[in-house]
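Peer 1: Here the structure of chain E is known, so what remains is to put chain C in place on it, guided by the hints.
In case you want the letters, here they are:
Number of protein chains: 2
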Amino acid sequence: MQVAIPLYPRLTALDAIGPYEVLQRVPDFEIVFVGAERGEVRTENGMLGLTVDAVFAEVPRPDVIVVPGGIGSREQVRGGALVDWVRAVHPTTRATTSVCTGSLILAAAGLLTDLDATTHWGATELLSRYGARPVRQRVVAHPAQRIVTAAGVSAGIDMALALVAQLVDETAARAAQVGIEYDPEPPFDAGHPEKVGPDVLGRIREYAGMRS
Amino acid sequence: MQVAIPLYPRLTALDAIGPYEVLQRVPDFEIVFVGAERGEVRTENGMLGLTVDAVFAEVPRPDVIVVPGGIGSREQVRGGALVDWVRAVHPTTRATTSVCTGSLILAAAGLLTDLDATTHWGATELLSRYGARPVRQRVVAHPAQRIVTAAGVSAGIDMALALVAQLVDETAARAAQVGIEYDPEPPFDAGHPEKVGPDVLGRIREYAGMRS
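Taken in sequence, the protein lines are chains E and C. At position 147 of the first sequence the residue is numbered 147 (the numbering used here), and the sequence of numbers has no breaks. At position 79 of the second sequence the residue is numbered 79 (the numbering used here), and the sequence of numbers has no breaks.
The following block holds chain E by itself, in its conformation from the complex (with noise of 0.2 Å):
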């Protein structure tokens, strides 16, 4: 089973590495990290490095792909390279997913039109301007059509695991579990903007503000 993750300027990282701490503990998957070129990508805050082992043409029949979101999302969705293979390979994968803004790149694909898709919180109207229809649920799967959204960031974890469990069975997804000892214990209860108040919607606009 090779599982292909596409990585691009500006991504954000746990939407790619979240997927692959799971998928990975499949002895049988073998995860490639794609690109439009080998060698390093940056992420968003360019803190942080990952590689990039494969471009797009050496990795044409994918059984999975996993396409994580970040704000260099709105680059890609412009179309180019990665639009391009997303588009190409669909159609024989076993399952096309994605995490987070990754969603913004299927719809621009067009695998997402006139379908329930979700994505992070603060691109649901970007997500229904390129023809998908935005819910409000961690995860959304479409088994008909072999395709996966999952929310914002985090919800990508949730997602490999249902994965891990339609591929192989759930006997698989809960080893995969117990291995990254995922018994989450969040320490608040602030995981979706309804969940907060405006003190923490406001440091939410500050710190934007202060990145840009």
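No lab work stands behind these hints, which were simulated from the structure alone. No incorrect hints appear here.
It does not matter which identical chain is meant; a pair holds if it fits inside one copy or across any two.
SDA-like mimics (lysine to any residue), calculated; alpha carbons at most 20 Å apart, straight line:
id: 1; residue 1: 195; residue 2: 124
id: 2; residue 1: 195; residue 2: 207
id: 3; residue 1: 195; residue 2: 171
id: 4; residue 1: 195; residue 2: 169
id: 5; residue 1: 195; residue 2: 185
Peer 2: Okay, now just chain C, sitting in the frame of chain E:
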């Protein structure tokens, strides 16, 4: 605030990237990935490359360190540049932390002697051999000693959120949690060996055998 995350060959990626993804959301936290040599290190299975941007000597006074685990920790605990650096920088950190078997490295540096500490469930005995007192807890904090250890792999996310609350404030921690949309919905209740049956434990052993 300088946060240093050491990388070494055969680490577990999510141990490092979970906390990174939380901590980098605070604009005045600068994250630096340090190691014995600049350049790429590969994860335990070799399927992912991460970049070391600074050698240990270039990061002599980090405010926070987050030491990841992974099968490669077994090599690191024998001593060398990483253990020496942890021992050298600890006296001036605001927080010296570990995820998963990263606690073995803190212990090898002499920081956990006679302290309660946590690690991956598969490494509790090994941790006690290094003088710590393993406890089954997701995060173990010793404010007076400025030491925090987190359990296996995904526990680093929970730890990092608590760390932001401690180092900045709760509003910042909640803002980071909203940012990564950390509202976990694991598809199974299987986050610890005590929560699964013999079929799953058997599968874990089977997969471990296929890897070695």
